[in-house]
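Undergrad: In case you want the letters, here they are:
There are 2 protein chains.
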Amino acid sequence: MIKAEIITIGDEILYGQITDTNTQWISAELDKIGIKTVRKSSVGDTEEAILGIFTEATSRADVVLVTGGLGPTKDDITKKTFCKFFGTELAIHEQAMADLKAFFLKRGREVTGLNKGQAELPLNATYIHNKLGTAPGMWFEANGVIYISMPGVPYEMKGLMTDAILPKLKEHFKTPTILHQIIRTVGIGESILAEKISDWEDALPENIKLAYLPSMGSVKLRLTGFGDSLEVLQAQIASEVAKLLPIAEEYIYALEDIELEVAVGRILKDKKLTVSTAESCTGGYLAHQFTKVAGSSSYFWGSIISYDNSVKINQLEVLPATLAQFGAVSEETIIQMAENVRKKLGTDIGLATSGIAGPDGGTPEKPVGTIWIAVSTKEQTITQKLQLGGFREQNIHLTSINILNLLRKVLK
Amino acid sequence: MIKAEIITIGDEILYGQITDTNTQWISAELDKIGIKTVRKSSVGDTEEAILGIFTEATSRADVVLVTGGLGPTKDDITKKTFCKFFGTELAIHEQAMADLKAFFLKRGREVTGLNKGQAELPLNATYIHNKLGTAPGMWFEANGVIYISMPGVPYEMKGLMTDAILPKLKEHFKTPTILHQIIRTVGIGESILAEKISDWEDALPENIKLAYLPSMGSVKLRLTGFGDSLEVLQAQIASEVAKLLPIAEEYIYALEDIELEVAVGRILKDKKLTVSTAESCTGGYLAHQFTKVAGSSSYFWGSIISYDNSVKINQLEVLPATLAQFGAVSEETIIQMAENVRKKLGTDIGLATSGIAGPDGGTPEKPVGTIWIAVSTKEQTITQKLQLGGFREQNIHLTSINILNLLRKVLK
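Residue numbers (numbering that gives the first Met the number 0), protein chains in the order written: chain A, 0 to 411; chain B, 0 to 411.
Okay, chain A solo, but in the shape it has when bound (with noise of 0.2 Å):
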């Protein structure tokens, strides 16, 4: 097994002024490629912190992954302590310097002052161009360990480990051939999936994991093959597949690590559909899933959101009797304003949700969590009552989903 430690660098994690993304995407990259994460730590920004765990992680991993620590600033001694820590010194690298005066120039600047130290590495580091950044990647061997150090900023490390550390580690630790095959589901709570699916569990072979990784709404779950041959586990996991999804078709939305708005996103696009949206309880969040999706624009024309009922009455011609002899939140309300939405925006589908997300609003007959949701084609308006719980966000976000879910089924 090989062993990685993860060490951030930096006051703001430590005193909890910023979230810490890094640490969890890249164990759970890591863990794709077979290296296991066996200590992740945050230190302050001083020396003897920064030795302390240096000296502690050479002990326990094979590999020792840092970021932050790399800015301009006099707060920034991560490279220093790495000298330090290697007994070396800081200087100029030439390379660095020239992709540093490359990424100051395209921006129509020069590098002065204290940026020219951006282009300072010890001098046992392997340089690693940062293309989305002025501090560079930095790759160390000694003592038997790997030492890799990367900037803090979440998009600049990613792009340093996809690029380079990720094929880089791969080729050194010769991992083995291990291939992942994700599986989205929804609609399927983890212990329910989990016992429907428990048979085709067992019977996996030795040499394939499965893993639950659930979400709001939502169960991933992933299966890792570990072998010599790429073929072979191509072969293998398929059959798997092939096995798991009479037993779960009914859920299983993506064969993909994708969200449940770009897996619908794609099959209006491959049906040529058109889809508009009215939305009371949530607001809108439902047509951001949508547009949120580059290319949106395609498939998805626009929505009402009749928050207020004169909206639903004047925008959407919901019929005032229909509000004031079932409410808002009625399947009488909600069958019009899909259709109408339908109509008035003349897409070929409408999306509609009315419901009590809370805290305030309910009532004995309609509690907090009380949400009606509709699809409406030219052929058929379908509509599901949902019965959630008492919080506002996981309402708004679970209506969303549900609603999805519901296309996804009524385009199959």
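Please note that the accuracy of each hint is not assured.
Here chain B is said to cover these stretches of chain A; the calculated rule only asks that three of the stretch's residues, wherever they fall, bring their Cβ under 8 Å from a Cβ of chain B [as the list claims (entries may be wrong)]:
(1) 14 to 25
(2) 40 to 46
(3) 288 to 301
(4) 310 to 316
(5) 351 to 359
(6) 390 to 397
Worth flagging that the hints you see were computed from the coordinates, not collected in a lab.
Don't be surprised by glycine CBs; every beta carbon is placed ideally from N, CA and C.
Keeping the supplied structure of chain A fixed, place chain B upon it in accordance with the hints.
TA: What follows is chain B alone, placed relative to chain A:
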């Protein structure tokens, strides 16, 4: 200085399968009472790893806070490992058992099987009641160090910290009186703000510290005063805030820790004004910023999301000639969008956004990140052109912050 170390136990966090939000929250809360976190660590569910970090932390910290590993299953070995570390053993704790039974009774169930183990504590533990779950909190004093054990479920941990542990720590360590004042700003970057207020910052009394807490599109300032008397601190901080206001008033939207949409919502509510949005590039995200706030239905009436030009023409009544001559991303179009949504939805104010969020759709004249926003009232329509960057989600978010800020200024 009182030093804290925070330890997270669990393979799921170590392998990156779940996000750890606990350590950031804990360190931020400790910081507020004057306890400095010197190390954060995550280790796996093995006795060796847990004993190792306990020993290390004992030599570095005055208080060690541990989360996770308290479930009823075999994986969860925190309590057993504490016993080994302290040289003691587990025994049923009577109060813990009584509370456990009451917890289950409330849910119409009895304490059975594995769950009984939840009432077993190391003999040297001080029991802390967890009102929100079955895993008790524990407080140990040994080796001149305080050890605290809490469940990893975030809302259970937060409940324990807020109700019991933070007050107990304050008392135990006789921490000084600390007073915080949050000042939320928008519309100015961290470095320019720092320059603007540097004279004021330099003149702050010795016992008042300033922290910059930036997030995308907004900078939070936090003043922290240390002293003996709360009254003196309150007067001191009020006097410093009064000096700051004339320097940075145009950027300060709240003297408490609330988001911009909450602050703007309060102004709308106070002035009894209603608002609607016409959104192209934000695609519902702006409406969601309003509607995610509980109680927003009293001032937010609705939106027309006009992603497709047909919706701009048919629902928002933007003139086809305007779109043909100037395009959807233009001052001429945004004015019509804002004015027409205000009139059509019958609100006091209409907001509109139209731009190129990316990654595609840019041209040399209107590159990705070119965005027009407008705020329309009965008296006037104010427009602004934004030139943002290359990332879609960032452009959507920053557009929303910019228009909320423009609205805030108009309302003043």
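Undergrad: Please write out, lowest number first, the hints stated earlier that are contradicted by the structure.
TA: none
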